[in-house]
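Given the coordinates of chain D, assemble chain A onto it according to the supplied hints.
Protein chains in written order, with the numbering used here: chain D, 300 to 962; chain A, 7 to 66.
Any given hint could be a false lead.
For the chain A half of the interface with chain D, some residues (derived, Cβ under 8 Å), not all of them [what the hints assert, rightly or not]:
id, residue
1, 11
2, 15
3, 33
4, 48
Calculated pairs, EDC-like style, for lysine to aspartate or glutamate (alpha carbon to alpha carbon, straight line, at most 16 Å) [what the hints assert, rightly or not]:
id, chain 1, residue 1, chain 2, residue 2
5, D, 412, D, 439
6, A, 47, D, 831
7, A, 53, D, 826
8, A, 47, D, 826
9, D, 830, A, 48
10, A, 47, A, 18
11, A, 53, A, 18
Note that these hints are calculated values from the structure, not bench results. Ideal Cβ positions, reconstructed from N, Cα and C, are used throughout, including at glycine.
Here are the chains, one letter per residue:
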Amino acid sequence: MKAPSCCPPSQPSSPAGTEAARGTALLAIAGSPNVGKSVLFNALTGAYATVSNYPGTTVEVMRGQARIGGRQWEVLDTPGMYSLLPSTEEERVSQAILMQQRADVVLHVVDAKNLERMLPLTLQLLEAGLPVILVLNLMDEAERRGIQVNLKRLEQELGIPVVATVSTTGRGVKELRAAIAHYQPRPRTEMLTYGEKLEEGIAAVSELLPPDLELDRRAVALLLLQGDEETAQRLGTGAEVAAVVAEHTRRHAQPLAYLVATRRQRRASELATAALEIPEARDRTTQERLSELLINPWTGIPILALVLYFGLYKFVGGLGAGLAVDLLEHRLFMAHVNPWIQGLVDHNIPWPAARSLIAGEYGLVTLGLRYAVGIILPIVTFFFLAFSVMEDSGYLPRLALLIDRVFKQIGLSGRGVIPMVLGLGCATMATLVTRTLPTRRERVIATLLLAVAVPCSAQMGVIMSLLHARPALFAIWAGVVVLVFLFIGFLAARVLPGEAPHFFMELPPMRLPRLSNVFMKTYTRVEWYLKEILPMFLLASLLIWLGQLTGVFDWLVGVLAHPVTWIGLPPEAGKVFLFGFFRRDYGAAGLYDLDAQGLLTGVQLVVGCIALTLFLPCVAQFLMNIKERGAKMGLAISLFTLVFSFVVAAAINGVLRGLGVHL
Amino acid sequence: MICGMCGTEFTEEQAGAACKGCSLGGCGMLRCPRCGYEMPKEAALIKWLKGWRKKEHAKR
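Looking at chain D on its own, in the form it has when it is part of the complex (with noise of 0.2 Å):
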């Protein structure tokens, strides 16, 4: 039970040192969220607790006493972490709790089930030179899974402790109060190396390292070379130990952090196979089953594609941009609100150009507020139900998994598909977030692809409304973005040197979707897209008036209408590309109008879709590009886009045409 905290925000209430001077002897716990060590805790300490936020944080950490084997321990019950290099302000202080505070003995707790993924924390806590004991918890889950794990071997692999518990029972309790009340710190058997180059760095760094130091210098030397800023800010590292760091960290072509997780996952993975026994036959659970399916290329690529089939094909693009885009865009605003806002400026307002501002070919009403709600807002709204079934399933991150082996073709991993999966969003955004990405080849070659082959949501559910009623060119559109997104990836990863990445990650449990929380995540999507869009289309339509009134506009399509006939389109889809440069679902409407007035056959409407879905990326994307990627590479990309768009489009018009096809 906990009991709220009757005293200030205080310092850990014992300073670093020794037992002796705190007086009690200290025990920490630590490890992942929601592996049990709350229960643990409750189990250790009885039950008062008092919880105060660490001092300069709102992490509450709890603290409580405990006596086993005739002494009194204060316990503290940290914050979950992942890593003790910190990306969570609940990391920072977990970070700092355990160098700072030199507990007695921390007991690190893990998830029985899933050992491997946890075991890279206990060798860094290991590395830090701290006093651990693992604690193998929720041991009745995985017992239930018929994993058996060699406590044994575990413990001379690492040369610590090892207690299995089932902290909710109290099983395995009594013995973890032993290994706590007998524990001898032992000589470090559990030593990882990093290779002779980044050796070289720990050594130079630690050799810097103040020499009054009571931390691990190895393990302050590798926290500082991968940018660790809390610890470098801790010890007042100078500018030395920084150029040090730099110089290092140029050294090598992948990040640090990178590098060393690597390593550390590699050792956990040989650790686990060395002491986990795991039937290859067992009972699993239905979600399990399921998982597996979805990561198994045999079946999970079948699945993906049914999932796109009915998810994007049939639901956002027969639902959303057929039906629902028919109710809007035909029912409601070409039949009743265009006619009445047209008599209304027509009777109302004198002057011709305020009335073409409002209500005329381009107008703010007519044009930007129809293409923002009649079209846009349907085929978004479908889109973002789908997308939000599965992300509360937990599909995404088995999709990862699933096209890591064909991602490592182009060179990404499947952390890639983050970026990709955003793309669908705003690629804007997701070229933002290439940034999480570890190593800058594969930030070039995700913002290169984001460029050229992922459409936007809004701009691909225009393209189903257009070519849903015809297979055909359906196909023909997907066939050649997916070849170009694998072409252009596989070329750029053979262009780009570098080596391939690596991909870990930690698979959350497969879960129905509550209808509810798919219905809550869909309005906040949509609401963040009409706050975005609707000013652009606005603005869109404003200017384009502007440029009506001045003539620019009428220019700039002229100029576009020469390319766009060369790709056998007709001269009246100048003003689409232009569009779609201000915005990609702007042009992808635009499109959709000028088929909607029929004049586009089958051939040159599916080119036309070809050819804005890799059209250069509209200005936002543009700017990001420059920003993100630099100046030269930037425009490079944008230039290879506009260039290439053309080119493909082209080609596929010469090959239809050619081939006598009539779609």
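This is chain A only, laid out in the frame that chain D set:
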């Protein structure tokens, strides 16, 4: 908030910390501190509805 990609549970404050270094700001998105996946901030209407439901639940 639960990340739709890796399942990590995080708060808006933690997401804010994950955006440190981005000079753009105002994108209305929350970034998962663990995997970098982005989601829009919860809509005001949804927050209000959740708060209202909580109050109603507490009354009972």
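message: Could you work out which of the previously given hints the structure breaks and list their numbers from low to high?
response: none
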